[in-house]
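Protein chains in written order, with this note's numbering: chain A, 880 to 1030; chain B, 1405 to 1924.
Simulated from the structure, these hints should not be mistaken for laboratory data.
Keep in mind that a hint or two might mislead.
Claimed, not checked - The list that follows gives simulated cross-link-like pairs (lysine-lysine, DSBU-like), each with its CA atoms no further than 35 Å apart:
{"id": "1", "chain 1": "A", "residue 1": "LYS887", "chain 2": "B", "residue 2": "LYS1924"}
{"id": "2", "chain 1": "A", "residue 1": "LYS1018", "chain 2": "A", "residue 2": "LYS971"}
{"id": "3", "chain 1": "B", "residue 1": "LYS1924", "chain 2": "A", "residue 2": "LYS977"}
Said to hold, decoys possible - Estimated spans, in silico, between C-beta atoms of each pair:
{"id": "4", "chain 1": "B", "residue 1": "GLY1852", "chain 2": "A", "residue 2": "GLY985", "range": "44 to 54 Å"}
{"id": "5", "chain 1": "A", "residue 1": "GLU1016", "chain 2": "B", "residue 2": "ASN1473", "range": "16 to 26 Å"}
{"id": "6", "chain 1": "A", "residue 1": "VAL978", "chain 2": "B", "residue 2": "ASP1880", "range": "21 to 31 Å"}
{"id": "7", "chain 1": "B", "residue 1": "GLU1540", "chain 2": "A", "residue 2": "GLY985", "range": "31 to 41 Å"}
{"id": "8", "chain 1": "A", "residue 1": "THR905", "chain 2": "B", "residue 2": "ASN1815", "range": "46 to 56 Å"}
{"id": "9", "chain 1": "A", "residue 1": "ASP984", "chain 2": "B", "residue 2": "ARG1491", "range": "50 to 60 Å"}
{"id": "10", "chain 1": "A", "residue 1": "GLU914", "chain 2": "B", "residue 2": "THR1772", "range": "51 to 61 Å"}
{"id": "11", "chain 1": "A", "residue 1": "GLY985", "chain 2": "B", "residue 2": "PRO1569", "range": "47 to 57 Å"}
What the hints assert, rightly or not - Simulated coverage check for chain B against chain A, where a stretch passes if three residues somewhere in it have a Cβ under 8 Å from a Cβ of chain A:
{"id": "12", "stretch": "1836 to 1849"}
{"id": "13", "stretch": "1863 to 1875"}
{"id": "14", "stretch": "1908 to 1922"}
From the three backbone atoms N, C-alpha and C, an ideal C-beta is built for every residue, glycine too.
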Amino acid sequence: MYKEICGKYAPTKDNLIYILHEIQDTHPQHYISEEAVQVISDYLKIPSNHIYGVLTFYSMYSTKPRGKNIIRLCESPPCYIKGSDNILRKLKNALNIKVGETTQDGLFTLELAACLGVCGNAPVMMINDDVYGDLTEEKVDEIITKIRGGK
Amino acid sequence: MKYFRSHILVGINETSVAAGVHDFVAELRQEINKHSLQEEINILETGPLGFFGKGICLTVFPENVNYENVKSEDIPELVSEHFLKGRLVKRLMLDSSGKFSPKFNYDQRIVLRNSGIIDPESIDEYLGVGGYEAWEKALLNMTPEGIVAEVKKSGLRGRGGAGFPAGLKWSFTAPLKAEQKYVVVNADEGEPGTFKDRLIMEGDPHQLLEGIMICARAVGATKAWIYIRGEYKLCINRLNHAIEQCKEYGLLGRNIFESGFDLDIEIKIGAGAYVCGEETALIESLEGNRGNPRWKPPFPGVEGLWKYPTVVNNVETLANVPYIIKNGAEEFLKYGTPECPGTKVYTILGDVAHPGLCEVDMGATLRTVINEYAGGMKKGFKFKAALVGGAAGVILPEKMLDVKMDFHSLNQYAAVLGSGAILVMNEHQSIVDMLWSILRFFRHESCGKCSPCRNGTQQLYSLISKIKAGEGTMDDVELMLTIAQTMQQTSFCALGQSPIMAIRSAIENFREEFVDITSK
Ligand SMILES: Cc1cc2nc3c(=O)[nH]c(=O)nc-3n(C[C@H](O)[C@H](O)[C@H](O)COP(=O)(O)O)c2cc1C
Ligand code: SF4
Ligand code: FES
């Protein structure tokens, strides 16, 4: 599977970022495994330490398995002054996990992010590709319940 | 052509998509049809409308009424009251007094003149408002030197933060002989509170493409990359769609307009790192590396992507170019100030009546921007400070509300115009908290390449955390200034050189807050 994804791109180093994006997006646990790194390293003919260097530099990549829904809560100043801390507390309680952890059922991972560029609706979080703005504690409850119900 | 009595502009953006705008539009169409109004009322899906209401927002022309947070269940009332009987639905209006309309300055706009008016997904609509005329002119009636000279004459300065003259930048790259040259568009927009580039791209993607084309022609680049942050999914889709349309219409590709000039534009997606907005870090990232900045000189204009000459410009900078080429530098010089001609796009956030997006003449005062474009302070709130320019910006107190907003004037206050983000704080909000949040951001975003910034951001965060917890002293406050100054002098790139801005402006303008909290 990793080989197939690599094969869609020319074997040049500048495609590394894209290959990583696609491998992570198509993995059910949204992460880049050691095995994947090895396959990419063979394909692009670049050492795996370069790949780990890149992988750990960018905030969107993970080397640890993650949940089905990745929650990224913005903690930058405009969201912070609109109460992102309260939203974080609420999320931690509702999910019963800390930042960086995944729920037991594998449904949610909680992460913090820098400005997501949707500050007009602060406080903001993204769940996978969807943006949720103007968050309140009640709204967080609704969103989590809805996703839990829909699985 | 059909004559419509009213046009309903529906803002399609990340927020309204999340609120289910696509289903909403379908239902609205049904209801309009049900009343046989389809020949009279036009529904137009468009980009940003210029204000951030909650949920789904509509603007109706020619009435110039803004509705916000409109839901499916409101549709029957809206259609029968407003579109059938001509009575405005007050309860859904953004400002029911009708006095404030954030859209009043269309004729003063350059970058946003089509935003919220044309359908950004249709090249025909862009062509219909004179789009790509500048591209044709640049390619067929102007020499590359002529284009550079015109942009130089316009005085256009980079809108990505530093304000470097665009024409001058191009003039370094244009005469170089090289096998390959590139244009790179900086659409990595990571400065907290900034999202003007997103709205420019969502609202009028073709205008940006046209600017890129002209720039490429001027400097002799045959390939352009748009480096855009991964979160901006709607922009990415719209730009890809727009590029495809251009290829179909022969505006991109080989031998464009039989001129012998080839150009290809491609989108590259970032992976989440603020420092990648720095032009050399961005180039590293494009090459598939960690986004650590490079030493300058050589500047990218001479040695950039894969060592080829590369012009890096911000989205807003390039979006100004079609106007300049089509109408001439003289027209552009009518806007703004002599040192900083043109307009600036701002996003205004925080405790103002109407947070939103606006395009204002360079040199307008902060007071004007807040009062006239954002409707003043929100009811019941008093102005305390504005963070201008994001985390790398400055905190301005009330006594500086009359400072002119342009690169030249703000520099005199040791400030930068930066990204165009204006975050307004009310009297209950704490400057210490704000600074804490800013320094937490820098600690997280330092790329770690050089020690002044890697260690400095860490120390600044510890100090401000201590102060915030009420355990600090005024010596700690002074120490923050010393550290940030040292970072300013010794850091490798502008990221490490920026925290001094927020720190100095906070301490100078709100010293009593630091005295208070440290003497508890
Ligand atoms: C830490 C850092 C972040 C930056 N982020 C951006 C950004 O998001 N967008 C941008 O256009 N310029 C950004 N810049 C400025 C760029 O380095 C560069 O000056 C700019 O893209 C040049 O374009 P302009 O001349 O059109 O403004 C950033 C600079 C630094 C130091
Ligand atoms: S100043 Fe900071 S961001 Fe810039 S190179 Fe040094 S560590 Fe990296
Ligand atoms: S500050 Fe939170 S989205 Fe921009």
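To see whether the hints hold, each was checked on the structure:
1. A/LYS887 / B/LYS1924: 62 Å, violated
2. A/LYS1018 / A/LYS971: It holds: about 14 Å lies between the C-alpha atoms, which stays within 35 Å.
3. B/LYS1924 / A/LYS977: 32 Å, holds
4. B/GLY1852 / A/GLY985: 44 to 54 Å: 32 Å, violated
5. A/GLU1016 / B/ASN1473: 16 to 26 Å: Holds: the Cβ-Cβ distance is about 19 Å, inside 16 to 26 Å.
6. A/VAL978 / B/ASP1880: 21 to 31 Å: 27 Å, holds
7. B/GLU1540 / A/GLY985: 31 to 41 Å: 55 Å, violated
8. A/THR905 / B/ASN1815: 46 to 56 Å: 48 Å, holds
9. A/ASP984 / B/ARG1491: 50 to 60 Å: 51 Å, holds
10. A/GLU914 / B/THR1772: 51 to 61 Å: Holds, at about 59 Å.
11. A/GLY985 / B/PRO1569: 47 to 57 Å: 53 Å, holds
12. 1836 to 1849: Held - the stretch 1836 to 1849 of chain B has 8 residues with a Cβ nearer than 8 Å to chain A, which meets the minimum of three.
13. 1863 to 1875: Three-residue rule not met by the stretch 1863 to 1875 of chain B, so violated; n is 0.
14. 1908 to 1922: Result for this restraint: violated, n = 0.
Violation of the numbered hints given earlier is confined to hints 1, 4, 7, 13 and 14; the remaining hints are satisfied by the structure.
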